[in-house]
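Peer 1: The lines below spell out each chain.
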Amino acid sequence: MNIPERKPRPGEDDLDWLIRLALQRSVAGAEPRADLWWDIRRWLSGGPGPRGRVPLSHSQTPQRLFLAAAQRLSTTLDRIWPAPLSAEQTQLLEQRWNATFVLLGFAPLGRVY
Amino acid sequence: MEKYRASASAGPISEVSEEPADGELVARLKAGDLEALGALYARYKTLVYRTALAITRDPQAAEDIVQDCFLRVHAYASTIDPALPLKPWLYRVTVNLSYTWASQHNRWRLPLESLVDQLVSSARFSPEHVAEEGDQERAIREAIDRLAFGQRVVVVLYYLNELSLKEIADILDCPVGTVKSRLHYARDNLRRYLTAGTGAAEVAYEYT
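Taken in sequence, the protein lines are chains A and B.
Okay, so the first sequence: first residue is 1 according to the numbering used here, each after it adds one.
Okay, so the second sequence: first residue is 1 according to the numbering used here, each after it adds one.
Please note that the accuracy of each hint is not assured.
Facing chain B, a subset of chain A residues (Cβ under 10 Å, in silico) [said to hold, decoys possible]:
| # | residue |
| --- | --- |
| 1 | I19 |
| 2 | L21 |
| 3 | E31 |
| 4 | L44 |
| 5 | G46 |
| 6 | L93 |
| 7 | R96 |
Everything labelled a hint here was simulated from the structure, so no lab data went into it.
None of the values given here were measured: they were computed from a predicted structure.
Ideal placement from N, C-alpha and C gives every residue a C-beta, glycine not left out.
All chains should be built: construct the whole structure from the sequences, respecting the hints.
Peer 2: Given below as structure tokens:
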């Protein structure tokens, strides 16, 4: 193999020098895209990440999992129960609850006796 | 604590400004100052990106790793000791994220590429071919890509980032002897790929 240029360190052989040269040249001048920082800032402000992806560090944090679950529960409850109940709805709910309670409570007794 | 103090050696891609200090920026970040994270990003984005790029060889993956790395700095700022250099912490996160990426990305791709490599390797990595092609760097780069992940990481940290064996051991949280062993077998494998090109021993020393 032809050895390019020089050996930078005493004690290293040709292979060491070639590996170092190949690695350093392979990433020379490489930079992340200029707007990546703004994607990170947007994500930290609650916006979407780049290409809509969910960063690993966010998806795996227990606190974030808990918050995500709480938000989903809240949204579901809002959909089911969007506003305070009217008097009629309250009365109907009480009647149905009473009926359900009686059925659930006495059905096992009926089975026993 | 001392093990990280020796890890601030300057390398070809690791030169950073010293003002303000990392510790000060971390302390400001803990207080909720996102501009401090921006300063850390500006200081270390190239280091993280080039290290991730050298390991993964995928610019998109390297950008994802940069993003996740600095999101982790934000998420775990409260656990980072401002008295310690940040660079070893960033190296460790970068390596871990690269490993996650590699384990997901290479699950199906590597066996196929390995098969193709074995079929064409004698022609691809023979000295005659390298001499004819006149592209030793590319041949070496391809040979590095064929190394097992653990060996590739050590090669990148040692040759690209110019870290010592002790610094690499601290980052990878393993004994110095393990790092030395991985480097030794990596060099043996690279020499073998570049001269004989059999490619059969790349997984043999994964956990040595």
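Peer 1: Each hint needs a verdict: does it hold in this structure or not?
Peer 2: Hint check:
{"no.": "1", "hint": "I19", "result": "5 Å, holds"}
{"no.": "2", "hint": "L21", "result": "7 Å, holds"}
{"no.": "3", "hint": "E31", "result": "6 Å, holds"}
{"no.": "4", "hint": "L44", "result": "6 Å, holds"}
{"no.": "5", "hint": "G46", "result": "13 Å, violated"}
{"no.": "6", "hint": "L93", "result": "43 Å, violated"}
{"no.": "7", "hint": "R96", "result": "46 Å, violated"}
Consistency note: the structure conflicts with the earlier hints numbered 5, 6 and 7.
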